[in-house]
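Asks: Kindly produce the complete structure, drawing on both the sequences and the hints.
Read top to bottom, the protein sequences are chains A and B.
Taken in order, the first sequence gives residues 22 to 217; the numbers are from my numbering.
Taken in order, the second sequence gives residues 1287 to 1471; the numbers are from my numbering.
Derived by calculation from the structure, the hints in this document are not laboratory data.
Model, not experiment: these values are computed from the prediction.
A portion of the hints provided could be inaccurate.
[Unchecked claim] What the simulated footprint calls covered on chain B by chain A, stretch by stretch (three residues with Cβ under 8 Å from a Cβ of chain A suffice, anywhere in the stretch; the number is not a length): (1) 1357-1365; (2) 1394-1403.
[Claimed, not checked] Taking lysine-lysine pairs in the BS3-like style, the calculated list, with each CA pair at most 30 Å apart, reads: (3) K1435(B) x K1385(B); (4) K1435(B) x K1383(B); (5) K1385(B) x K81(A); (6) K1435(B) x K213(A); (7) K1404(B) x K1385(B).
Note that CB positions come from ideal geometry on N, CA and C, so glycine has one too.
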Amino acid sequence: MRLRKILAGQMFARNPLLRGVCFLTLLITTTISLINGLAAGIFVSCAAIICLLLRWGISKFLSEEYYLAIYLIGVCAIVSLGQLAASALYPDFASRMELYLPITAIYCLTDRTFDYGTRKLHSVLGSIALNCLGFTLCCAGIGLVREFFAFGTVLGHRVISNYTKMPTMVLPVGGMITLAVILALLNYIARKGEKS
Amino acid sequence: MIQIISLAITAMIAENLLCSKALGLEAALEGRRNYFYFAIFTTLCSVLMSIAAWAFDFLIFSRFHAEFLRLFVYIPSIFIIVHIMGCIPKIGKQLPKFKNALVFNTAILGVSVIAAVKTYSLFYTVLYGFFCGIGYIIALGMLDVIYDKVSANDIPISFAGMPVKLLILAFMSLASLAFVGGVTL
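Replies: See the structure below:
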């Protein structure tokens, strides 16, 4: 029961990525299908984790005046490399997200990406892993919902025959509405949990 | 003149950073701020960044096919421009309040990337940056005004706060779609 609470809390309810603190633009714009949602979740999670490890690494060896400059260049390098890798592996996804993938760098520069919980290394890594897993699952979930409502398909397979397409669901409007409903649902579940 | 009006409508409404591209959402959802100074800083930052993006793209990136280096220039440029804006007499004193909202605002980086991708001349790039900044501020103000009106009514507790703001933004985004035209799949 306790484990389930911790998992639900770290993955969804207390996850800073899903409380509108961070990565919101990416969450709304990139999740237009299940595959795109998964790709976006994995891209952002990898970039954010590598940037965090870089920050830990350089903060131990560098004084504060050099730290920010080196970290800034490091984040830009990580995100640019990620973008190049994405355009080599998934050119369709990368060209569609040309505007939004660079934005990951701005988010990685803020210190609001993860909920560390404690300062112990194993729990920090655990929290980050759960945060990222929750974010990726949420991206995939939003992608699934949007793909279903937009095209009537899941993973490209038609689920409903003669489905009337809803083009607005692939636009940011669809992402905003889906995210709003998901957040309201999370709020409702959290309030129910508190009452019980 | 017609071209300038068309550019203004495109940048401010049809391709509004907040409504149609969902850029700068975090700053929008944070809520209250002094709009006058925030508008000045955002517009100034957006204009200066679009000039910087145009210059770097025209002089370096497109000539040497080095578009993958854009981030290395744009993000430090944002930091430098925001720092320089702090030195402007009279309004510079107000900058520390908005520093984070400007430096970590995805809308500013978004304007630079869009300005680099679009092949406008320098004059039109400056105008595009200016109208983008103005459009972003107008959308931000509208969001807060509508949110105040909506939250004065009885809304379900689960929807209070961010979900309602996102729904309002979704409807504003739908309204801006009218200027884009039909959506085809």
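Asks: Against each hint, give a clear statement of whether it holds in the structure.
Replies: Going down the list of hints, with the structure as the test:
1. 1357-1365: n = 6 at 8 Å, threshold three: holds.
2. 1394-1403: holds (count 5)
3. K1435(B) x K1385(B): Roughly 29 Å between the alpha carbons, so the hint for K1435(B) and K1385(B) holds.
4. K1435(B) x K1383(B): holds, 26 Å
5. K1385(B) x K81(A): holds, 27 Å
6. K1435(B) x K213(A): Holds, because 28 Å separates the two Cα atoms, which is no more than 30 Å.
7. K1404(B) x K1385(B): The given pair, whose Cα atoms are some 28 Å apart, holds under the 30 Å limit.
Violated hints are absent here; each numbered hint is respected by the structure.
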